[in-house]
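Student: Each chain, written out:
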Amino acid sequence: MSKKEITIRIDGVECRTTEGEYILNAARANGIFIPAICYLTRCSPTLACRICLVEADGKRVYSCNAKAKEGMEVVTSTEEILEERRAIMEVYDVNHPLQCGVCDQHGECELQNYTLELAVDFQHYAIADTMREVKDWSTVLHYDAGLCIVCERCVTVCKDMIGDNALKTGPRGGSALDKAYKETMPKDAYAMWNKLQKSIIVPSNGTEHTNCSDCGECTAVCPVGALTERDFVYKANPWELKEIPATCAHCSSGCHLYYETRFASIDNHEEMIFRVKNEWNFQSLCGAGRFGYDFENRDVTKDEAAFAKAVEALKKAETVRFPAMISNEEALMLQRLKEERGVKLVNPEVRPFQRFLQAYAKASGRSLYGSDFKEIMKEADFVVSVGAALRNDNPNARYAFNSVQKMNKGAGIYFHPVGDTLVPTFGKSVECITHKPGQEESALYLVLDLFADKESLPDYLREYLAGFHETRTRTVKEKVMKEIVEVVKDEESGEEKEVKKKVPEMVEKEVEYDHNLLAESLGVDPVAFSESFEKMMKKKESFALIVGEDLYGHPQWENLARLVALVEKHCGMMTAMIPPKSNALGVALICELVDEASGYTVGYNQPGDFRLSALGDGDLDMPAMNQQEGTMTTMDKRVVPTNAALEYGGYELNDLMNALGLGKRLTIDWTLELPAEKGFQAVAFDDLKDGFLNDGTEIRGYALTPIKGRASTAKAKEASDEVLEGEIAYRCNPQRQFNDFTDRAHQIFEAFALYASPAKAEELGEKVEVVFEKGSLTLEVVADERMEGEIVAVPDFKADRDVYGLFGESRYANVTIKKV
Amino acid sequence: MDGYIIATVIKAILVLAVISALAGFGTYLERKVLAFMQRRLGPMHVGPYGLLQLVADGIKLFTKEDFIPNNANRLIFMIAPVITAATAFIALAAVPMLPEFELFGITVRPIVSDLNIGILFVLGMMAAGLYGPLLAGVAQHNKWGLLGAARTAVQFLSYEVVTGLSILAPIMIVGSLSLIDFNNYQAGGIGEWLIWKQPLAFILFLIAGFAETNRTPFDLLEHEAEVVSGYATEYSGMRWGMFFIGEYANMITIGFLASLVFFGGFNDWGFIPGGLAILLKVSFFFFLMLWVRASWPHIRPDQLMWLCWKVLMPLAVINVTVTGFVMMF
Amino acid sequence: MSLEQFKDRNVGTQNYTMLDLGESPKTGWGKFKQVAKRSVKLELFTGLKVTFREMIKALFMGEMHTTKYPFEKLPIAPRYRAIHEMKRLLESGHYRCIGCGLCEKICIADCIRMDTRYDENQRKEVSEYTINFGRCIFCGYCAEVCPELAIVHGGRYENASEQRASFALFEDMLTPLDQLTQQKEYPGFGAVSPDADKKIKKTPLAY
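Which chain is which? The protein sequence lines are A, B and C, in order.
Everything in the first sequence is counted per my numbering, starting at 1 for the first residue and increasing by one.
Everything in the second sequence is counted per my numbering, starting at 1 for the first residue and increasing by one.
Everything in the third sequence is counted per my numbering, starting at 1 for the first residue and increasing by one.
Here chain A stands alone, though its shape is the one from the complex (with noise of 0.2 Å):
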């Protein structure tokens, strides 16, 4: 879906962009300044603010929503568009309270910056006032209305963005303009300020609370202090705040954000972290990213006796046992013990990813998965994901399946055996095929099925996939224009005469047709489906296959891998893989990992004979990600850098690594020698850049280069029929819980407990004993609206807890649940 490059001229600049290109975003991307409000950069125009009135090629239009033509001549600013821009400015600062004192927005409150800008001294417009109340839509979103300005941009980023379609303009109950404005005014800030007057932002479930991720991304994006973040209400001042750019490390999007720091309070001079900010206009964020930042290890000092220990523990350990959550010089480090000391390294959470990516490479000759997430929700305009669970697995491969639909007017085929009400309400063109566990080959068979260029198939594939379709036929009801002969008299003449008229009518009708048994099997109705699949398809050009964790621990691993390279190479999909965990992609790539641990244990922030932890309740405490800098490597496929938020007064595991003859100088040493073999580059720590230019390209660190080799003939295996049945868990953490660190953080406050669909809830009772093969765990129940069926979910994120050995490999087990 490349798009046409062309040439337009914005206040004689020349700027390049893409045919179809909105020129507020040609202008941005050029850094060209169009004062606008409501328009979010990679969300659709809202119209709201109207302030980016411009005139092209002597028109005036809003350049949000004007798109850009080849040689388009463009004027920001007239001397009537200033006009119109002040006057709405002016209708902006009517009633809006004066309490930028106390304000949380006070310094960078785009109202206060537009209305400087466009120098407004004077207002000339006046309204009586509603009462608005401030309300606290949940756990952590504040909105107070009375500041709000009704720009929508909550509304648009929570649609288009995050998926959750959780707020909605609402009636304000405000008093009708003053019929006199009408004439005097200019039209377009009369014509916004008559709208502004009429609304105001409520949850879109018509409650008082919204129901949504809890992802806090409205508050990032809302130009003044109406919502924000419930915890951060006037506790401190935005110019007080230190930016520290960083990664997240809670999943495997290793999004970009700020970290802001200050001293904590008067009593306590030491730097906390006192929220999280991010690029919005370009990096959507997640609960966990904004709200799981205080999980650092505080008040740790060097216990020199328990790094003694630690060194005797590295010294006798035979197994390293460690989580996914980890920088990309934390786990070299751990290879080079590997390598020097014969240790073995257990991650429970990266193995069977790791196994899963060196058997694609092996199928496909290039060891890392074609596209990105990145690449997917610019360019897709059909995605399809398979064993991900995308509410819960990753935020930003559900952002990405949303955006599709949103903004691409795309289509979606969501398999999975967990039912989940959001997913369909992405968009329209959204198919969820809710299947059983262990089908996940057929699904793959059933894309390849639906997508590939038949002829370029082996002919194996193409006479198996044969066997799936039948030739039926049905009876359909058709309508039919039927041609009747009427006689009609006319009373006046006595004539007869003979009418012709068409009447419909229905008639039954055997057709033949396709039936597809794969998409029968696979739970759906294959006739309805071929219908909506007909409809689905129409005008696509470019498809994104997204694979998830479910793969990676299935008994049919191996063959799964093979059918995603097959997918890629025969449906030219564009296929991304989520890696299950923080750093899983990085630790995949740079350790070798075994299955099994064996002998004396270490565990860092896992558990283990001698405990390495950032938790601060091991035998030697460790930094957490916030207090480290480092590399971490994205799902995206990206090396990229983070930095130390916060003081850290301990021991580090480079300082191990010294004590044992095998370290560097500064964990940030280790960046230049991730291994060049797996498609890391040589490149210092202090060499890597960080962040994004002005049209959204992302420059931090660097990107992976795939490392290409021979792909393998090997056949794919017909799809096994092997599907668990019975009562059945799914390992699936809640939406802001990845692991024990998001769980420490004050302000996500998701429980260790079993989800379950409300009706199963209601069955299991309040508390529950899941026995599993192995062991058992006894849980609270806790509804979540947003499932369906009768899986239940087991979260993860308490490595002490050690549910990965009670699953094994799967990520779905038979189970038992005893209500307690």
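If you're looking for bench data, these hints aren't it; they were derived computationally from the structure.
Among the hints, erroneous ones may be present.
[What the hints assert, rightly or not] Restricting the straight-line Cα-Cα distance to at most 25 Å, the calculated cross-link-like pairs of lysine to any residue (SDA-like) are: (1) 477/A x 435/A; (2) 105/C x 532/A; (3) 454/A x 464/A; (4) 310/B x 37/C; (5) 32/B x 52/C.
[Said to hold, decoys possible] Here are the in silico distance ranges between beta carbons for each label pair: (6) 192/B x 16/C: 55 to 63 Å; (7) 154/B x 53/C: 32 to 40 Å; (8) 154/B x 16/C: 49 to 57 Å; (9) 58/A x 206/C: 47 to 55 Å; (10) 31/A x 147/C: 58 to 66 Å; (11) 29/C x 13/B: 52 to 60 Å; (12) 147/C x 122/A: 17 to 25 Å; (13) 157/B x 16/C: 37 to 45 Å.
[Said to hold, decoys possible] A short, non-exhaustive set of chain B residues, derived as facing chain C with CB atoms under 8 Å: (14) 284; (15) 295; (16) 299.
Using N, Cα and C, we set each Cβ at its ideal position, and we do this for glycine too.
With the hints as your guide, set chains B and C onto chain A.
Tutor: Leaving out everything else, chains B and C in the frame of chain A:
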């Protein structure tokens, strides 16, 4: 003979006690007078009108740490203030303070020792006093001290000449070196005062007296704007206090000398009895020194030398010569 | 000032005004004449006269300058900048500070710090406020920048204390409630100018 020794000892002790008390009191007076002249109140808090300030100062000086800097010549450093104080008091031995009076039937001559070379002795002792600041400055291993010592030598030696020459003319007229004889020479009332016969000698003596006692405008020895505290830079506590007492004792001595030589001494002054008269005169000279300090700025060392050798010394010589000629004919 | 003027280091030849002090005598005879003249005119005694006159004035004419400070105090200027005061609203008695943090920001000695929070009445509450008087240079910027006329300089200039903390807390600076009626507006830095009303344009209101 025994009685004479006992009387002398008692007199010596009295002079020592009274003059050192007066020296202390002098500091109080100085502060008060300077304050008044600047329209301030001066010390007010210790005792009524701040009278006990000198007690407080005394306590302070006595209790302060006795401090000897590293590398200083300890012995000389310790002795130097004693020389200043001692010479100042010894000089007073030949000065008749009051007229004779009777106490318990005994005639008391309020002079420790009526030497026939009284005035020479006094001037000699005061000249010997120059060793105090000189040794102190050299001994303390401090550049300011050294500068102070150099200034001491220059200033004291130079003005010694003027003092001697200026007072030579009155001596010629009186024909005696005893201060009692000076007093008796002027017994005939105000008209007999030597000031009328030797005004120039008086002025020269007074100027030289200021320089000898290290008073403004000639207090270059410890001029704090130039040499921190000169010879006294490293001194504190009672050692510094002794320099101070010596200076004030010298002021009193100069006051007595001026009164006795030029202003009729302790002769009755009209209805004022002689004892009171000399105290008034000495008080006036003391006050004059404070007054001058409040009014006039310091002069530079080169100006000091210029004044001494090019103005005062020639004038004194001329004065002596003229006096001689007048007496011859 | 242009760079050329800065670069002209010919000090003494620029815009100095020479006072007419007359010529110093160059020859020995001239100097002698000057000395003689000054001696005859008794110039030195003018100095003595002045000091004596001042003494008389001080002692007998009641023109002593000294104020016995701890017992007597001179009135200070209303705009004097001493230890800060926090004012209250006269109507409600609530403190004026809204916790906007501008004083904290503008403080060039970085001695002001405040803790704020969201209180039960949905307002910003200043939970703690301190000024480190060991660092404060009493420049008055905080009073000038304060939008609420809440922090001002007071007249308490006696800063000696056993602990700096003794007068650094919010409560210490705040007008005591029982003295609310005696609270005076501060005319110094940051105060409303007398003609402020004339300078503002009124915002139209629809009531």
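Student: Next step is simple, just say for each hint if it's right about the structure.
Tutor: For each hint, the structure was consulted:
1. 477/A x 435/A: violated, 29 Å
2. 105/C x 532/A: Violated: residue 105/C and residue 532/A sit about 61 Å apart, past 25 Å.
3. 454/A x 464/A: Roughly 12 Å separates the two Cα atoms, so the pair holds.
4. 310/B x 37/C: Holds, because 17 Å separates the two Cα atoms, which is no more than 25 Å.
5. 32/B x 52/C: holds, 13 Å
6. 192/B x 16/C: 55 to 63 Å: holds, 59 Å
7. 154/B x 53/C: 32 to 40 Å: Holds: the Cβ-Cβ distance is about 36 Å, inside 32 to 40 Å.
8. 154/B x 16/C: 49 to 57 Å: About 37 Å separates the Cβ atoms of residue 154/B and residue 16/C, which means 49 to 57 Å is violated.
9. 58/A x 206/C: 47 to 55 Å: violated, 38 Å
10. 31/A x 147/C: 58 to 66 Å: violated, 35 Å
11. 29/C x 13/B: 52 to 60 Å: Because 57 Å falls inside the window, the suggested range holds.
12. 147/C x 122/A: 17 to 25 Å: holds, 20 Å
13. 157/B x 16/C: 37 to 45 Å: holds, 43 Å
14. 284: violated, 13 Å
15. 295: holds, 4 Å
16. 299: Violated, because the Cβ-Cβ distance from residue 299/B to chain C comes to roughly 12 Å (cut-off 8 Å).
In summary, the numbered hints that this structure violates are 1, 2, 8, 9, 10, 14 and 16.
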